[in-house]
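Trainee: Model the full structure from these sequences, guided by the hints.
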Amino acid sequence: MQPWRWLALCLFASALALSGCFGGEEKLTVLAGSEVRDLEPLLDRIASDTGIRLEFEYVGTLEGADRLMSGQIVDLAWFSHAKYLTLLTAVNNRIRAQEKIMLSPVVMGVKESKARAWGWIDAPDVTWRDIADKAAAGELRFAMTNPASSNSGFSALVGVASALAQTGDALRVEEINTEALRRFFAGQVLTAGSSGWLADAYVANQDRIDGLINYESVLLQLNQDNQLAEKLYLIYPKEGIITADYPLLLINPDKREQYQKLVDYLRKPEMQRAIMERTLRRPVNLQVETGDRFPKQVLVELPFPNDVQVLDRLIDGYLDQQRRPAHTVYVLDVSGSMDGNRLRDLRTALLGLTGLDTSLTGQFARFRSREIITMVPFSADVEEVTNFTVDDPTGQGSDMGAIRQAIEDLTAGGGTAIYTALRKAYETVDAAYPTDPQRYYSIVLMSDGENNEGPSYQEFAQWHRSLPPELQNVPVFTILFGDANQGEMSGIAELTGGRLFDAQKEPLSTIFKEIRGYQ
Amino acid sequence: MNRRWLGPLLSALLILGVGAALVISIRNSPIFNPKILVSGLIGSEKEEFFRDERVQRALDRLGIQVRYEKVGSREISEKLRNEPYDFGFPAGVPAAEKIRQDWKLSTQGEDVFFTPMTVATWQPIADLLATNGVARLVEGHYHLEMARFLELVKEGKRWNQLENNQVFDANRSILINSTDIRRSNSAAMYLALASYVANGAAVVQNRTQADALLPLVTELFVKQGLTGYSSEEPFEDYLVMGMGKAPLVMIYESQFLAEAARTDGSIRPEMVLMYPDPAIYTKHVLVPLTENGKRLGEALATDEELRRLAVEYGFRNTESAYFQEFFKSQEVPADLLNVADTPTFEMLEYMIQSIQSSMQ
Chain E
1 MQPWRWLALC LFASALALSG CFGGEEKLTV LAGSEVRDLE PLLDRIASDT
51 GIRLEFEYVG TLEGADRLMS GQIVDLAWFS HAKYLTLLTA VNNRIRAQEK
101 IMLSPVVMGV KESKARAWGW IDAPDVTWRD IADKAAAGEL RFAMTNPASS
151 NSGFSALVGV ASALAQTGDA LRVEEINTEA LRRFFAGQVL TAGSSGWLAD
201 AYVANQDRID GLINYESVLL QLNQDNQLAE KLYLIYPKEG IITADYPLLL
251 INPDKREQYQ KLVDYLRKPE MQRAIMERTL RRPVNLQVET GDRFPKQVLV
301 ELPFPNDVQV LDRLIDGYLD QQRRPAHTVY VLDVSGSMDG NRLRDLRTAL
351 LGLTGLDTSL TGQFARFRSR EIITMVPFSA DVEEVTNFTV DDPTGQGSDM
401 GAIRQAIEDL TAGGGTAIYT ALRKAYETVD AAYPTDPQRY YSIVLMSDGE
451 NNEGPSYQEF AQWHRSLPPE LQNVPVFTIL FGDANQGEMS GIAELTGGRL
501 FDAQKEPLST IFKEIRGYQ
Chain A
1 MNRRWLGPLL SALLILGVGA ALVISIRNSP IFNPKILVSG LIGSEKEEFF
51 RDERVQRALD RLGIQVRYEK VGSREISEKL RNEPYDFGFP AGVPAAEKIR
101 QDWKLSTQGE DVFFTPMTVA TWQPIADLLA TNGVARLVEG HYHLEMARFL
151 ELVKEGKRWN QLENNQVFDA NRSILINSTD IRRSNSAAMY LALASYVANG
201 AAVVQNRTQA DALLPLVTEL FVKQGLTGYS SEEPFEDYLV MGMGKAPLVM
251 IYESQFLAEA ARTDGSIRPE MVLMYPDPAI YTKHVLVPLT ENGKRLGEAL
301 ATDEELRRLA VEYGFRNTES AYFQEFFKSQ EVPADLLNVA DTPTFEMLEY
351 MIQSIQSSMQ
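Just so you know, the sequences run in chain order E and A. Per my numbering, residue 1 is the first one in the first sequence, and the count goes up by one each step. Per my numbering, residue 1 is the first one in the second sequence, and the count goes up by one each step.
Do not take every clue at face value.
To be verified - Only some residues are given here: those of chain E computed to face chain A with a beta carbon under 8 Å: (1) LEU43; (2) GLU139; (3) GLY168; (4) ALA170; (5) GLY240; (6) THR243; (7) LEU286; (8) GLU289; (9) GLU301; (10) PRO303; (11) PHE304; (12) PRO305.
To be clear, the hints were calculated from the coordinates, so they are not data collected in a lab. Ideal Cβ positions, reconstructed from N, Cα and C, are used throughout, including at glycine.
Mentor: Here is the structure:
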């Protein structure tokens with residue numbers, strides 16, 4: 001090759017290298033709460049204006065905390081708030097900087113007719129106590145996410161508990177008013193593991209539910225979307241509220257410069273306006289005119305506890321004492337195809353829920369006091385149906401031991417009669433419901449294959465439509481595992497108001513924990 | 001395509017490029033411009049100052065390039081162990097003393113600038129406190145009567161129990177939002193001030209005196225619940241979330257003035273800066289760990305341009321005339337006469353440890 005050709009090659013190579021430096025986008029990984037998914041449409045604009053491409057990986061806050069504690073490598077994290085995270089020393093040590101990006105208070109939306117009947121329209125004195133009274137009287141049935149799974153439920157729990165303690169200061173363990181909280185949560189008839197799904201579930205169930213607790217932004221969006229027969233009136237209770245402030249967290253110290261650039265960019269008036277218009281969250285840059293999107297009143301912010309023990313006790317109290325107790329039916333495929341690794345994964349996932357999973361998510365996802373667990377293992381037919389009641393709030397008692405034994409005893413073999421088993425699950429609920437109508441009933445269906453025995457999907461769907469309303473409202477959370485039929489599994493979830501979870505993409509144990517937020 | 005000219009052309013381009021790169025790198029080399037890179041940890045309240053391009057240019061003129069990370073002032077000493085840093089630049093003498101003791105330094109730090117502790121509030125709240133005899137308008141700015149304020153805290157008064165309160169009907173204890181006393185200097189200065197007042201306008205000198213007033217001053221912090229780790233956090237709550245979150249916030253005067261000087265509308269007419277009476281000053285002390293750190297401290301203290309730029313960020317230093325001129329529209333008091341003393345490092349640490357133990 002002639003010398004100049006070498007030179008030309010060199011020049012070409014250096015030009016390539018240069019364009020890599022100046023023209024390309026830099027990717028930053030973000031551990032994100034599902035709440036910020038609504039920013040996705042803005043990511044292209046952010047990338048073209050800043051040269052930084054944000055790549056979201058969605059996890060719950062507790063799951064995010066688990067991952068940060070276990071040292072997962074990630075550049076940034078972005079949840080609706082970071083208060084719990086900063087109270088966990090091991091997580092806080094990884095947070096190098098945090099800056100608020102947008103705001104949304106967690107408030108209550110009730111149907112306008114109800115608000116009017118109760119004199120709550122334009123009434124600045126409505127309190128969380130008033131809401132608790134209506135809930136305890138059975139007049140207000142509401143939806144709220146599970147505080148152990150979702151930040152809106154968690155913020156609401158902290159706010160309600162602080163307000164009901166009546167102290168005017170940050171809540172302490174001995175001030176938690178269990179009885180008042182139990183009255184409040186008597187009205188909670190729908191739960192969920194995510195704020196977005198809860199909003200959808202409210203839409204689907206609006207004929208039987210009077211309101212929901214969620215981010216102001218989600219409630220305003222519902223009112224805008226024309227899916228509601230009746231608009232929601234937003235209540236900002238007088239004792240105060242907890243506001244989500246969506247801090248962008250710097251985790252990787254080498255990305256400090258990029259982080260600062262992003263924060264500066266996101267807090268510019270143009271960007272703040274774009275975020276507000278798209279998400280209905282309040283701007284943190286007050287140069288942005290908010291118009292009449294948000295009420296102008298002063299929102300009293302409740303103090304947030306300074307002690308992670310208070311928060312843990314609040315969640316434990318909610319799960320063990322205050323919420324409506326759950327009755328959960330597990331319909332588990334133990335057909336021949338489950339033999340080997342699949343059955344082992346299933347056992348591990350279920351055993352994790354009996355308290356053997358000691359991660360943060362595991363601790364809060366375990367079976368709780370007062371809960372009834374029904375196991376419906378099936379193959380060509382339903383095998384033995386067993387009921388367990390959890391009494392011991394520590395999770396160490398003989399009740400948990402019995403559940404563990406039943407899980408260990410699962411063996412695989414035979415065909416797959418999905419709908420025979422699912423009908424059996426509904427019959428179990430039907431038998432329990434008349435004597436215990438206040439419970440929160442739900443079904444989990446895990447299968448790794450096609451239905452090849454008993455009734456078909458169509459026959460089941462037809463049968464389901466013939467059920468009385470209280471049974472039709474029992475949701476089935478379906479788990480897509482192995483070679484399960486995706487169409488049918490998502491069909492069942494849709495038919496029953498449940499949700500499909502994909503264990504082909506995530507470990508079975510993660511899925512079982514995630515579903516706990518919906519039970 | 002005629003390739004005969006292509007080769008020489010590309011060669012010529014390459015030579016030009018390499019030549020240009022060479023010139024640039026020589027101009028930046030230490031032989032022509034002996035520049036030092038100085039890295040350190042700063043309290044968050046000084047970040048805006050260091051980010052200003054004029055500050056960077058002025059430092060550049062002196063051959064200094066600064067790399068910093070912001071942390072709570074009281075955390076600086078510990079976090080200096082993470083990397084080989086040249087300096088720590090906390091917002092107060094106690095935090096600087098902590099670094100000097102932890103690192104067994106014999107050198108004094110450089111007193112670069114100082115600022116009084118102030119309480120950011122809102123016009124309706126200032127008026128309400130004045131009505132209740134807790135605040136007083138003096139020559140265009142409000143004084144917060146600390147002794148009277150501590151009485152309210154001692155009585156456990158809530159906002160909705162104040163007389164003639166039409167403006168803030170909140171069932172929350174009357175408290176000043178501060179930072180986390182374990183991590184941040186501004187909370188430590190608040191403690192220094194409160195302990196002085198609670199001790200009958202005298203600096204706390206021994207544990208007996210401290211033990212007598214600890215139950216009261218502990219409430220100031222514990223009742224707040226979760227607090228920010230660095231002084232910018234409660235101030236940001238004030239700016240962004242408003243009166244419902246932050247009716248009263250303990251901040252450095254410089255934070256408010258710097259924000260007001262930005263004239264981007266973030267300081268609105270209803271925002272009011274109150275001066276506690278007695279007052280307390282905090283000194284921003286640059287503690288050098290290396291020769292390079294020392295050079296930065298000297299530059300900030302002696303270079304006139306840097307001193308004047310510091311004034312524009314609300315810090316007080318020897319440029320007092322320029323300070324008054326720059327903030328003429330803010331009616332900033334020139335001198336605060338009734339000033340509380342700060343307890344010794346050991347006494348302050350003793351009180352902080354005690355408060356910390358009741359937080360868990």
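Trainee: It remains to establish, for every hint, whether it holds in the given structure.
Mentor: These are the hints, each one checked on the structure:
1. LEU43: Status violated, d = 24 Å.
2. GLU139: violated, 25 Å
3. GLY168: At about 5 Å, which falls below the 8 Å cut-off, the nearest Cβ of chain A leaves the hint on GLY168 (chain E) intact, so it holds.
4. ALA170: holds, 3 Å
5. GLY240: Status holds, d = 7 Å.
6. THR243: Holds, about 7 Å.
7. LEU286: holds, 6 Å
8. GLU289: violated, 11 Å
9. GLU301: OK, holds: GLU301 (chain E) within 8 Å of chain A, min 4 Å.
10. PRO303: Holds. Min distance 4 Å.
11. PHE304: Holds. Min distance 4 Å.
12. PRO305: The hint holds - PRO305 (chain E) has a Cβ within 8 Å of chain A, the shortest such distance being about 5 Å.
Hints 1, 2 and 8 from the list above are not met by this structure, while the remaining hints are.
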